[in-house]
Amino acid sequence: MIDQIIHMSVYILMPPLLFGIMNKTKAYLAGRRGAPLLQPYYDLIRLFKKKMVISSTTTWVFYAGPIVTMLAVIVAGLLMPLGQSHAIISFTGDFILFAYLFALARFFTTIAAMDTGSAFEGMGVAREMTFSAIIEPGLFFAFLVFVKLSGSMSLTVMLQRNLYGSINQNNFAPLVMVIIGLSIILLAENSRIPVDDPNTHLELTMIHEAMVLDHSGPLLGLIEYAANVKFFILSSLLCTVIVPIFSSDGWLSWLGFLTGIILISFMVGIVESIMARLRMSRVTILLFSAFLLCGSAVIIFER
Amino acid sequence: MYSHQGFINLKNGQPIDLNKIPSLEEEKFMDAIKQFIEAGKRVSSYFACSSEEQGLLKLYAVLSDDENKQLMVSQTMISSKQFKSLSTSCPQLQLFEREIAEQYGCVPLGHPWLKPVRYHHSWTNLDAWNREKEEVILPGVGDYYKVQGNQVHEVAVGPVHAGVIEPGHFRFQCQGEEVLHLEIALGYQHRGIEKTLIGGPNNKTRHYMEVLAGDTTIGHCLTYCQNIEGLTSTKISKRSKMLRGIALELERIANHVGDLGALAGDVGYLPTSSFCGRLRGEWLNLTALITGNRFGRNFLIPGGTSYDLTKEQIVFMLNKIELLEKETGDSIALLWENQSVLARFEEIGILSRKQAKDLGLVGLAARATGLDRDVRTTMPSGIYKEMPIAIKTIESGDVYSRAYVRGLEIKTSIDFLKKALKELLKGALSEEGPTIASDLLKQNSLVVTVNEGWRGEICHVAITDNEGKFKRYKIVDPSFHNWMGLAVSLRNEEISDFPICNKSFNLSYCGHDL
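Chains as they are written, first to last, in my numbering: chain A, 121 to 423; chain B, 674 to 1187.
A few of these clues could be false.
As the list claims (entries may be wrong) - From chain A, some residues computed to sit far from chain B (all C-beta separations above 10 Å):
no. : residue
1   : Ala223
2   : Val245
3   : Met387
To be verified - Partial list, computed: chain B residues near chain A (C-beta under 8 Å):
no. : residue
4   : Val830
5   : Pro944
6   : Phe1171
Don't read these hints as lab results, they were simulated from the structure. Just so you know, even glycine gets a beta-carbon here, dropped at the ideal spot from N, CA and C.
Could you build all of it, start to finish, from the sequences and the hints given here?
Encoded structure:
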């Protein structure tokens, strides 16, 4: 019970902090002091206090977009184990639901964007859908590798105990390939550099940001929070795969998990600081490489 | 041989009697311009001016001959209702002809895309588009070039932008991510400066010059001062010339540094973006050290400069420049060392040398295509006659080359600064303030001054009447030539590359809108 309370509070409260860490890292590497670590929380509070400006061309879909997106992402997160802590909900084949909850969230974000009739948002939707069509199979291939490795179809079981138990020289290479693939997926799904630039004000270059240009106030707050949670979930997936924590001690395993997830945010901050984003036509190449890495990993297993 | 064709050669900043300027028949005038442009000259200024005779306008053409390093001018009389357009054979005239149509209601016959430039009422009783005097004219409203087809979509950007920049409207015709055509509509910042200047100069004139384009205060003000000095036969001291050169180069460095930082920011490369943002401020502060204003307001006055530099200030500046040179060099070098940045800059927004030549591009945008166009070298004025500056060019014509040329120019400008400051250190403070030889401007004269501002050639033409007042004061900001270059460079590029292409030109909206 206590473990579940800790699990839920970490899950609900921690996501914005990761953005704070990323922003702080970026600021330091650029020679600035940067916003406070807790700025993302202040931003959320500020947004929820604000009034909304709603375009007169929109319908209920415009409201439904952020709400459904956030709910879908949060439910998806309940299926994900955090370190050695079991997922809140777990059953055989839950990874398929996990992937499609993300798809549902994306669907609602995009139709809410289309609802505004803005040229920018239409462009953002076109880009998002093109790119996600490449990311999604990549994610499935990665899960397939984990299923093969662990012999289990449930996220908690496959990611926690059995993943490293079965590791040997034959399956080491595919695992590394999947980790690289997942790292690219993490950056792409969360619209980070080099795929997208979360800080840009240039509408024509945006992907995710372009889709939410018309949202404001609490609705924007929901979108931001959903983005934070999504980053948290995918980082914890990567963290659980990379950092093998065998400690059965609850507190030690939590410590390991939290350190891992903070390190990942830190690394993303470094990546964003040392490289420019890719030009739009080359993003596809990067995403395809993630797809191919995960796909080839499956093939190597089947050999 | 060219003087036979009815154009007279002119020295930068030297006045000429109006009746010494050859006057051609309209037909011959147009033919001559066409031939000169085909022979590699370019149009620096092309404008109409009212004439004493009813129903007629005077049309002036100022051409630049970069090869033989001289300016050429000629005039013709045209009907106040219409004249022959040359835009189809000389695309660089298209905006000038639209401007004449808008200002005087005089229609360029055969202009392929006759639209207003700044969306204001004409200065005469005629209107090229038959609009009523009471009609409200809204900027950006009107026809746009359209592409049709199932997958073609139109994207409108501006006039209100997300960043803190000036207003302008951009209309894209796209197929998917590819831009087929971009049309730019400006005029939101039109203040009517050229019209106000007629009848001048008065005590407001210099201040108008300082705000033609706020980031080119020194460039425009310098050009104006040299025009006045030409018209009053004022000789200014070498020290003043040196101080003016220093201010102009400081302006260039500050803007180039800011632009390189902004280019880095647009591709999401943070280190150079933040470093250059700070360094731009430091360079601006050096201008503030001389004048008390970071943009050099109130520094240049006909006859000299309003402030001099003391020995202590010069030594301080030299030390500061030494420090800034290293920091600036290091932060810019980061750009050329980072593959992901180069991948983003290279082969984007390519403008060929031929396109640049046809469109009459000036300044660093032209130099980035390999054209040797730098007025500091080809038609030097002031201190540049004694301290020549090497032209920096690069061939590829893409975003990278426009960025790289900036980097090269920062270096040459810093070298110039150090040399000039050391020279200043030897001399004594000037005793007297700025003075001009006479309060009266030379009557019935025309004077053309060109200077290389940080964006490119700034051209001011003053024509005086028989009381020595401005009958016409024509201003051409480099942006006026270069906006079309941006539009053309976007063809068949990705729409997501527009911001970085735009930043690589970084043209002035208010300098265009006047």
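So, going through the hints one by one against the coordinates:
no.: 1; hint: Ala223; in the structure: 23 Å, holds
no.: 2; hint: Val245; in the structure: 12 Å, holds
no.: 3; hint: Met387; in the structure: 15 Å, holds
no.: 4; hint: Val830; in the structure: 7 Å, holds
no.: 5; hint: Pro944; in the structure: 5 Å, holds
no.: 6; hint: Phe1171; in the structure: 5 Å, holds
Going down the numbered hints, you'll see the structure goes against none, and every one checks out.
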